[in-house]
Amino acid sequence: MKSISTMMMKGGSGKTTLIRVLASAALAKNMKVHLIDMDTDPQASDWPERFRTAPWGNLEKPEWPSDKLTVAGPPTTIEELYEIIAQKEGEGCDLFLIDTRPGAHQDTEDLILATDLVLIPTRPEQADFKKAEQTVEWFAAIVDTLENAADAPQMRTVLTAVQSKMMAVLTGDLDISALNPRDREVLDAIASLPHASTIIPYSKYWIEIAAWGPLSIAADAAAAQSSGKLTARNMRDQIAAAEALLDELLATVPEPEEA
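Residue numbers (UniProt numbering): 1 to 259.
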């Protein structure tokens, strides 16, 4: 089992959306996932209920995939968290996700150190990349407190909600000179941070993922209905990017040494 957490100095940065993106990708790969929501605005732990009550228009909604994706609120102590991690690994869980609350809090520091990989979601905007830089500095300060830096989790920033014009620049289909100076500054700054090369584009399906549930499950349900073929195809385009991101991120985590 591998574990991933998020951290960010500001709220509204897309932490919860990124966690849902990764959960969707993991389910598409037939992985078993457990998600813990530590945010004071518990959107991740409310996900199953939001999904069950959201209207799907003329599409028939599937059941929440509780056999593959379980969601829980915060443990009361860090010791309990480690017990839950061990329990879930024993149950055959493949991916353990922690959505932390925004801001520099001691509990966030403890939480991220319990995971293999820490993600800093970053939108290509001035306010976001400045906070991302501060969060990277915060992470480095946490690592400095460890007796052995080798015990620290891996860390990556992840570029999310990227609009089409900037996507074209990042994929090489458009010259960077097509961007305004502020956007070029943002890209240069983000490129200087430890970052995932896979990018998550802006999509209404990620914006609406609270209602759709894990997008891979939603796509399968839509594809099985005559009125949902186009929706399913569009969803699967987004899932492909999410799977590529998850593959890249999991590859950064070393396999545990055999006893």
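Check each hint, because a few of them may be wrong.
[What the hints assert, rightly or not] Cross-link-like lysine-lysine pairs, in silico, DSS-like; alpha carbons within 30 angstroms at most:
1. K61 x K29
2. K68 x K165
3. K61 x K204
[What the hints assert, rightly or not] Quick list of the computed label-pair ranges, beta carbon to beta carbon:
4. D41 x S164: 26 to 36 angstroms
5. E60 x Q154: 33 to 43 angstroms
6. S192 x P42: 25 to 35 angstroms
7. P55 x E185: 14 to 24 angstroms
8. A224 x S177: 18 to 28 angstroms
9. E60 x E185: 44 to 54 angstroms
10. L174 x L146: 14 to 24 angstroms
Bear in mind the hints are in silico, worked out from the structure with no lab data behind them.
Where is the CB? At the ideal position from N, CA and C, for every residue including glycine.
Quick rundown of the hints versus the structure:
Under the criterion of a C-alpha separation no larger than 30 angstroms, the hint pairing K61 with K29 is consistent with the structure, at around 21 angstroms. Distance restraint check for K68 and K165: the Cα-Cα separation of roughly 36 angstroms exceeds the 30 angstroms cut-off, and the hinted pair is therefore not satisfied. Only pairs whose Cα atoms come within 30 angstroms are accepted, and K61 paired with K204 is accepted, the gap being roughly 18 angstroms. Judged by the Cβ atoms, the range 26 to 36 angstroms given for D41 and S164 holds: they are separated by roughly 29 angstroms.
In this structure the hint that E60 and Q154 lie 33 to 43 angstroms apart at CB holds, the actual value being about 41 angstroms. Checking the proposed 25 to 35 angstroms range against S192 and P42 shows it holds: the Cβ atoms sit about 34 angstroms from each other. For P55 and E185, the hinted distance range of 14 to 24 angstroms is not satisfied, since their beta carbons lie about 41 angstroms from each other. Look at A224 against S177: about 46 angstroms separates their beta carbons, and that is not inside 18 to 28 angstroms.
Taking the beta carbon of each, E60 and E185 are about 47 angstroms apart, inside 44 to 54 angstroms as hinted. Distance hint check for L174 and L146: the Cβ-Cβ separation is about 42 angstroms, which falls outside the suggested range of 14 to 24 angstroms.
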